[in-house]
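A.B. asks: Working from the sequences, and respecting the hints, build out all of it.
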Amino acid sequence: MSLSSYFGAGAAQDVFASRLRSGIGTLWHRFPANVRQTVRLSIVGPPKRSGARPQAPGGSVYIAGVLEGTSQVGWSARLMQKLAEEAGLPVGKIDIAHAFRAARRRKEKTRAMGAGTLFVHLGPDQLSYGLSYLEDEVLADKFVIGFCPWDLEQLPPETAAQLSLLDEVWVPSHFTRRAFQAAGVRRPIRVIPYILDVPSAVHADRKRFGLDEDSFIVASVANLQSGFARKNPLAAISAFQRAFSRHERVTLALKINKTDMASAGYAKLRKIAGQDPRIKLISRDLADDDMWRLLASADVVLSLHRAESFGLTLAQGMLLGRPTVATAWSGNLDFMPQSASCLVPSRLVPVEGPDKLEGCQGQVWASPDVPAAADILRRLYGDPNLRLILGEAGRQAARRFMQHHRLRLVGELRRWAHPQRIASATAAGMAANLGPEHQDRLAG
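Here the sequence shown stands for residues 0 to 443, numbered as in our numbering.
These are computed hints drawn from the structure, not numbers from a lab. Hints should not be assumed to be uniformly reliable.
Calculated cross-link-like contacts (lysine-lysine; reagent style DSS-like; alpha-carbon spacing at most 25 Å) [claimed, not checked]:
#, residue 1, residue 2
1, K267, K279
2, K92, K81
3, K267, K92
4, K270, K257
5, K257, K279
6, K257, K206
7, K92, K206
8, K47, K92
9, K257, K267
C.D. replies: Here it is as structure tokens:
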């Protein structure tokens with residue numbers, strides 16, 4: 000039976016187009032990143048900075064990136080928008096998602112002209128290409144801050160060079176900052192983590208995801224666009240299967256993003272999942288609140304990653320009061336103390352895998368101890384009281400972490416919004432502290 004007779008002519012064309020795009024996308028990502036970058040820039044030309052380059056951020060805020068994406072950079076753009084609005088700053092949004100779709104090769108038309116601060120939420124290896132889709136006038140006269148995650152200990156020279164387009168670099172963890180510093184990045188580098196709040200409407204909803212109400216749920220998340228080998232979902236499956244026998248009422252809820260970036264590893268994952276009814280694959284896109292609901296529906300959150308610039312899912316799990324089990328290496332250690340989480344020992348091994356990051360030759364990442372992870376899962380399964388204690392400890396640790404960074408960042412953004420008001424208040428406070436005999440010195 001033909002596709003046309005089964006689906007109808009229009010639907011058959013859609014199916015064919017979808018499969019063609021998926022195949023082209025998979026083939027495209029097999030080329031080295033530097034080759035992809037050269038081809039992309041040959042289409043639109045490199046970005047240009049013109050006009051004055053302000054010495055400090057301030058004024059209106061513009062946020063550019065893949066604003067609706069499910070990836071880490073999509074989340075970070077939305078979080079930054081929320082914080083800027085909380086600080087009272089006007090925010091302009093510039094969605095450049097189309098820049099990464101072969102079907103739409105055009106410059107982004109926007110009213111974001113003139114002075115202000117432009118936040119660009121992209122990986123450092125995507126900066127030149129992403130910014131090239133903005134009109135030159137958008138970059139002119141702005142203080143440009145790149146919020147750039149990176150998941151390995153070293154940054155390739157050709158990638159580090161792209162950061163010269165920026166005036167300042169923000170990274171989500173000290174792990175990433177060390178990588179940028181080691182690469183000799185000549186821009187101020189600040190650690191600004193992803194600052195999260197649990198949405199008020201979020202609650203556990205197992206039915207929404209087809210999960211058994213009475214099962215012990217382990218949740219794990221992997222975005223294949225970030226690299227199958229790096230996210231390491233096969234290790235999560237291995238630890239789960241090692242921890243529990245077939246007759247136990249347990250479920251591994253495995254959320255897989257960007258399945259169109261499928262690899263041989265993903266084919267193996269699907270085969271294993273198809274042979275084990277306890278593994279629930281969730282491959283549809285989830286809105287932000289639904290991702291929170293999925294994690295709230297779990298008893299434990301698991302990540303046996305090889306490297307993370309931050310570990311967004313782990314921070315979410317901790318804020319929800321769920322025990323978190325994660326590789327004891329890379330960016331997640333900024334907010335995961337040993338006393339409030341279950342850290343899995345690992346050893347460093349050479350980076351390998353068909354989807355490894357360009358420029359990673361000679362680099363290392365973690366190989367988590369799967370038997371140790373299985374033992375931790377087994378202990379948590381058998382001890383509900385331990386789950387409660389660790390979950391609450393994680394919640395408190397994550398809240399303190401987020402509150403500390405929120406106060407610092409929102410306070411700074413408010414100074415951008417009201418520089419004169421802040422200066423006046425500061426002067427008034429200094430005058431009050433000096434006493435009347437010295438206040439005339441401030442007035443002069």
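A.B. asks: Could you run down the list of hints and mark each one as holding or not?
C.D. replies: Against the structure, the hints come out as follows:
1. K267 to K279: Answer holds: K267 to K279 is near 15 Å, not above 25 Å.
2. K92 to K81: holds (12 Å)
3. K267 to K92: violated (39 Å)
4. K270 to K257: holds (18 Å)
5. K257 to K279: Satisfied, since the Cα-Cα distance of roughly 16 Å is no more than 25 Å.
6. K257 to K206: holds (23 Å)
7. K92 to K206: violated (35 Å)
8. K47 to K92: holds (20 Å)
9. K257 to K267: holds (16 Å)
When each numbered hint is compared with the structure, violations occur for hints 3, 7.
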